[in-house]
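**Student:** Single-letter residue listing:
Number of protein chains: 4
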Amino acid sequence: MVIVMKKSCNRQEIDAVIAVLERCGMGANLSTGAQTTVIGVLGDKTKLEGLNLELMDGVEKCVPIMHSYKLASHEMCPEGRTVTVGGEVIGGKKLCMMAGPCAVESEEQVLEAAQGVRAAGAGFLRGGAYKPRTSPYAFQGMEDEGYRLLRRAADATGLKVISEVVSHDQIDLAGKYCDMLQVGARNMQNFRLLREIGKSGIPVLLKRGIASTVEEWLDAAEYIMSEGNYNVVLCERGIRTFETATRNTLDVSAVPVVRERSSLPVLIDPSHAAGKARYVEPLALAGIAAGADGLIIEVHPNPKVAMSDAAQQLTIPDYGRLVQRAGAVAQALGRTL
Amino acid sequence: MVIVMKKSCNRQEIDAVIAVLERCGMGANLSTGAQTTVIGVLGDKTKLEGLNLELMDGVEKCVPIMHSYKLASHEMCPEGRTVTVGGEVIGGKKLCMMAGPCAVESEEQVLEAAQGVRAAGAGFLRGGAYKPRTSPYAFQGMEDEGYRLLRRAADATGLKVISEVVSHDQIDLAGKYCDMLQVGARNMQNFRLLREIGKSGIPVLLKRGIASTVEEWLDAAEYIMSEGNYNVVLCERGIRTFETATRNTLDVSAVPVVRERSSLPVLIDPSHAAGKARYVEPLALAGIAAGADGLIIEVHPNPKVAMSDAAQQLTIPDYGRLVQRAGAVAQALGRTL
Amino acid sequence: MVIVMKKSCNRQEIDAVIAVLERCGMGANLSTGAQTTVIGVLGDKTKLEGLNLELMDGVEKCVPIMHSYKLASHEMCPEGRTVTVGGEVIGGKKLCMMAGPCAVESEEQVLEAAQGVRAAGAGFLRGGAYKPRTSPYAFQGMEDEGYRLLRRAADATGLKVISEVVSHDQIDLAGKYCDMLQVGARNMQNFRLLREIGKSGIPVLLKRGIASTVEEWLDAAEYIMSEGNYNVVLCERGIRTFETATRNTLDVSAVPVVRERSSLPVLIDPSHAAGKARYVEPLALAGIAAGADGLIIEVHPNPKVAMSDAAQQLTIPDYGRLVQRAGAVAQALGRTL
Amino acid sequence: MVIVMKKSCNRQEIDAVIAVLERCGMGANLSTGAQTTVIGVLGDKTKLEGLNLELMDGVEKCVPIMHSYKLASHEMCPEGRTVTVGGEVIGGKKLCMMAGPCAVESEEQVLEAAQGVRAAGAGFLRGGAYKPRTSPYAFQGMEDEGYRLLRRAADATGLKVISEVVSHDQIDLAGKYCDMLQVGARNMQNFRLLREIGKSGIPVLLKRGIASTVEEWLDAAEYIMSEGNYNVVLCERGIRTFETATRNTLDVSAVPVVRERSSLPVLIDPSHAAGKARYVEPLALAGIAAGADGLIIEVHPNPKVAMSDAAQQLTIPDYGRLVQRAGAVAQALGRTL
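Residue numbers (UniProt numbering), protein chains in the order written: chain A, 1 to 337; chain B, 1 to 337; chain C, 1 to 337; chain D, 1 to 337.
Read the hints as simulated data drawn from the structure, not as lab findings. Possibly wrong hints are sitting among the right ones.
The list treats identical chains as one, so a pair stands whether inside a single copy or across any two.
[Stated by the list, open to error] With a straight-line cut-off of 25 Å between C-alpha atoms, the simulated DMTMM-like cross-links for lysine to aspartate or glutamate are: (1) K304 <-> E260; (2) K6 <-> D179; (3) K276 <-> E260; (4) K304 <-> D44; (5) K276 <-> E215; (6) K45 <-> E60; (7) K6 <-> D172; (8) K93 <-> E60; (9) K45 <-> D309; (10) K199 <-> D169; (11) K199 <-> E227; (12) K276 <-> E112; (13) K6 <-> E112; (14) K45 <-> E216.
Next up, chain A with everything else stripped away, as it sits in the complex:
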């Protein structure tokens, strides 16, 4: 449940409500926006019986949250959350652009990719150090050395680093090298990993599971946020359907649905959705037009020799062109790049 305060409410009225909640053993989550002030109620709501919160000074109304997720809900923070990573604000007017190779393959490769995507306008360097591969015999990534190479390349080019962690005992080390951690689609319901990333407080990009509903996705975000880490950005990357023309089916409607039900920023990953480089740009533009807060795209200096996902990685020139066109679309809809 959230307590929506009147526009005219003052600090004492807010404190009074919070005091009542805490006296009952409930948690209070204050969200002060430009337009609305709401106090989220956390805990066993039965303890509120008998209290007439709606009658307290400054309170406009009490609104139940009909979802299982609370902290991730729109009601808890009606003006939407932003997540700030190394100075860059994700979820604001400026789109967030993340790019880089599928996997870190060598120092030269990741540095060349970093220079290329930086020049094109990206703010984050992505790259896989630990690659979750369907088969145990496929290239599994450079592992810890991959994180180090990412950091080096990012520092050399003024980018921030985002990379995937596949197990909770990697969080500490990854956190040394990365500005943001990614939870992959296959791990969206690895609840141990979610809780631990929650406790770490490190900003996290939470990919939607390959066949997860939006509700399940937001419940997964709730696992992270319930540990006190609100630095959660969602990422739609395509869902599994019967159509095989693309690797997955990009669900652009996830963007408006998430905006409506949640307060979290949401990016689009058109690379894993498309599975083929030539489809990436249309999907990226569609995602921006649908209202996404940014893009995370696979870019490789020479996709033909990539050790993983060769078919879907863009060349640096193609990424540059995509960024320009994404910027044009964003501008047409009142956002910037």
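Please arrange chains B, C and D on chain A, whose structure you already have, making use of the hints.
**Tutor:** Then chains B, C and D, alone, in the frame of chain A:
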């Protein structure tokens, strides 16, 4: 198979190739574009054995078409087809905007809708006269009278009419009132209907089946085109998946996939994809950004009292706003409204 | 809504209720079973306001039907319907076995198939005369001649004929040769076809659409039954999912779900579900074990040379073995073959 | 690749082949069955160039394995593997029956369940100690105490214990109390967990992911087996589709497909597939009829008060009835209970 002619080819060389094909009992389908001239070969290709078409003057190469569909294929008309309906070109630089109520409910309703969408910039009035309803007890539409009311409202406002036919024996009458006929998702594999619409030559909007692959969709278009009717426009309207947040899942990647495999124009129907009015605009913009040739959207003067699909129809003001924003996105990508 | 009569009710009490309904302009649908007598109420239920049907003699209770389908519902006929075709009862203790080639290809082929399946224990000969093919260039079937050949082969072997109709204007002719008509998956929502088959009264096997929910399937059955034709048998044939190891995914849970919501018998088509001959038997046995009322299976004298669906048709010996094992499973669960 | 030995081969010939492989730095995996002897080749096959393995004494032929998974493949062990847990053989003629509550809730509850399922004929007691819940606020299980209570109840009733582990650092402790570990659907691609369970050597039940293909599932099994643990049993529990009448859609065709591509035993979990207690039995019987090696079913002494999945757990009497009917079906197909 298509025979790709050299850029420098002349008329006699083209005629010579066609003559050889016809002598073998094959059909020849000439497609002359600004950049390429190709001659499509139709019929039993085994009859070509022994001929060395690639050695003929003016011939650059012979390219097999790997799909079951030929006339609908990209190879058959590499520069893409346009379909002209009542003077309006679908598939060109200018987007095609179709709008109107889900069902024709009364003369006043459809006229008010027509005036509203016309003012907002639409070129086509849509409305259902025969409504395919999941339940036999639901409102089935005004039937033939619905077609007449559409025509009247369109004539009064300078719009063209598009409406659905659900059975092949409706084609003649519908063709009297409509400029374009629609084949609905449930009828995408009603092969009798497809062939008869093919024979009629009337322009047709072919909706993708609710769980049809792009390949099946293009094969369905081939049924129509094989009867000599090339006036086929495709329409992506969402596919069935596990996600229930939206009525269907809009598959924006259908746009680049269709562009690659086919020569036909493709529109987006964000209304049936979304199922909820508030999601329609983001989906419409996503479709335009992905490269679609236009939109077909349900608009009702007063959605609250609509007799079908009330939850997804837009008000006239909301449609106007959508058209403006779609125009901005289109312009950002080099197209017009 | 259905009116459930007391076990002790007599004929006058039943007639009295029916009279009241008819006086109000409602339809009454009497279903007398061994255990229960129910009177289904059809029409605009608002006309019943003010009447106290539950107070009438012999009435136990009034139960609303929560589905859009009424005649097809379980409540309307709680003991389940049977459909009798040429003396054979479908939906009773004895399983119904239908078998034959995908398509009628020649007189010899269909006769040999008929002899083979008859010897193995089948009661119905299936075969396609009009084949709905995804591509317009594929073999479309022998058409009307196909119906005639089926009839001849069936008469020679004491089988009943079932074959698909793809268009409503085929019903009359097909009805001359067939004992039962089939509505294919692609036509499950060809509402014109459903209504016309309803009016014909001819027994019909209604296949589930490739991505239709059970609710939509039962609504389709309602189209047929609303025209007065209760001779409807359902057929589960696999639904479309992401898995490509089989042509479709057999949804055996459709059997218990249909039993619960509907009164109609339900068969399983393991051939189209499997797509590969070697998977057909396990799926057939699974369907029987789940409680299906029978099987419809593609059997060809020489599948290697079949003109359609060669990969999934069984040889006659393999069909014989399947029938034996199906019989063993059926017996284990109290049914017969 | 596998080297298939002649039926007449002797020990020296086998050893000679293995010696050649090892000299080349390859691994050899010997599988000796009643009918066939095959030697699986593991490692970089390019090292085999130049050798003429097919010419060696005793070798009949070399067969490439076309799948990414090798150890899990059918070719590697054509007669199928069995997994023996505490004396019980899974994958043999006798079906394996596992049952128990969704979650361990108290000592009384799990003991009562154990007694009930034992009396009905089960060999394994299942119960969740660590429950993967979609929402962080739902009951998460009794955790380590849950494992202890399972062990106690199992020892008191002569059952073996199977329970889920959700994180690799639980394996040691769980292994103290459980005879078999379960990897849940959400963790099917938790590769760290798979590898560690592989290293532990503890028998594992690997559930299919909610939207995993059979290929991905077998690749996941390969992760476990590549660490030397061949005690892997698969479990089909329904896949995610558009149909909402059941919680998931049981894919019975997974059974014949797995038999064909893999050597591993496969069980059916009809409880999670159905989502509703009244559908569990038909699905269980269907699974047995399709050829599954056993069942794992949720049974609770009083489902109405269950703390999780109340809707799908069976009462003890209903489980008893299901076992009897499963036994009848099994017997009809030449297996035992």
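**Student:** Give the relationship of K199 and E227 under a CA distance limit of 25 Å: within one copy only, between copies only, both, or neither.
**Tutor:** Within one copy, since 5 Å is at most 25 Å while 32 Å is not.
**Student:** From the Cα coordinates, with 25 Å as the cut-off, is the pair K304 and E260 best called within, between, both, or neither?
**Tutor:** between (41 Å within a copy, 21 Å between copies)
**Student:** When no copy is named, should K276 and E112 be tagged within, between, both, or neither for a Cα gap of at most 25 Å?
**Tutor:** within (22 Å within a copy, 45 Å between copies)
**Student:** Treating 25 Å as the Cα threshold, decide for K6 and E112: within, between, both or neither.
**Tutor:** This pair counts as neither: shortest intra-copy Cα distance 54 Å, inter-copy 40 Å.
**Student:** Quick one: K6 to D172, C-alpha cut-off 25 Å, is that within a copy, between copies, both, or neither?
**Tutor:** The answer is neither: 43 Å in one copy and 55 Å across copies each exceed 25 Å.
**Student:** Is the C-alpha distance from K93 to E60 at most 25 Å within one copy, between copies, in both cases, or in neither?
**Tutor:** Cα proximity of K93 and E60: none, with 30 Å in one copy and 52 Å across.
**Student:** Within a copy, between copies, both or neither: which one fits K276 and E215 at a CA-CA cutoff of 25 Å?
**Tutor:** between (28 Å within a copy, 17 Å between copies)
**Student:** For the identical chains here, do K276 and E260 meet the 25 Å Cα criterion within one copy, between copies, both, or neither?
**Tutor:** Answer is between: at 12 Å across copies they meet the 25 Å cutoff, but 31 Å inside does not.
**Student:** Could you place K6 and D179 in one of the four classes (within, between, both, neither) given a Cα distance threshold of 25 Å?
**Tutor:** neither (38 Å within a copy, 55 Å between copies)
**Student:** State whether the alpha carbon distance between K199 and D169 is at most 25 Å within one copy, between copies, both, or neither.
**Tutor:** both (12 Å within a copy, 18 Å between copies)
**Student:** Can you tell me if K304 and D44 fall within 25 Å by alpha carbon in one copy, between copies, both or neither?
**Tutor:** between (56 Å within a copy, 22 Å between copies)
**Student:** When Cα atoms must be at most 25 Å apart, do K45 and D309 count as within-copy, between-copy, both, or neither?
**Tutor:** The answer is between: 23 Å across copies meets 25 Å, while 48 Å in one copy does not.
Violated hints for the displayed structure, listed by number in ascending order: 2, 7, 8, 13.
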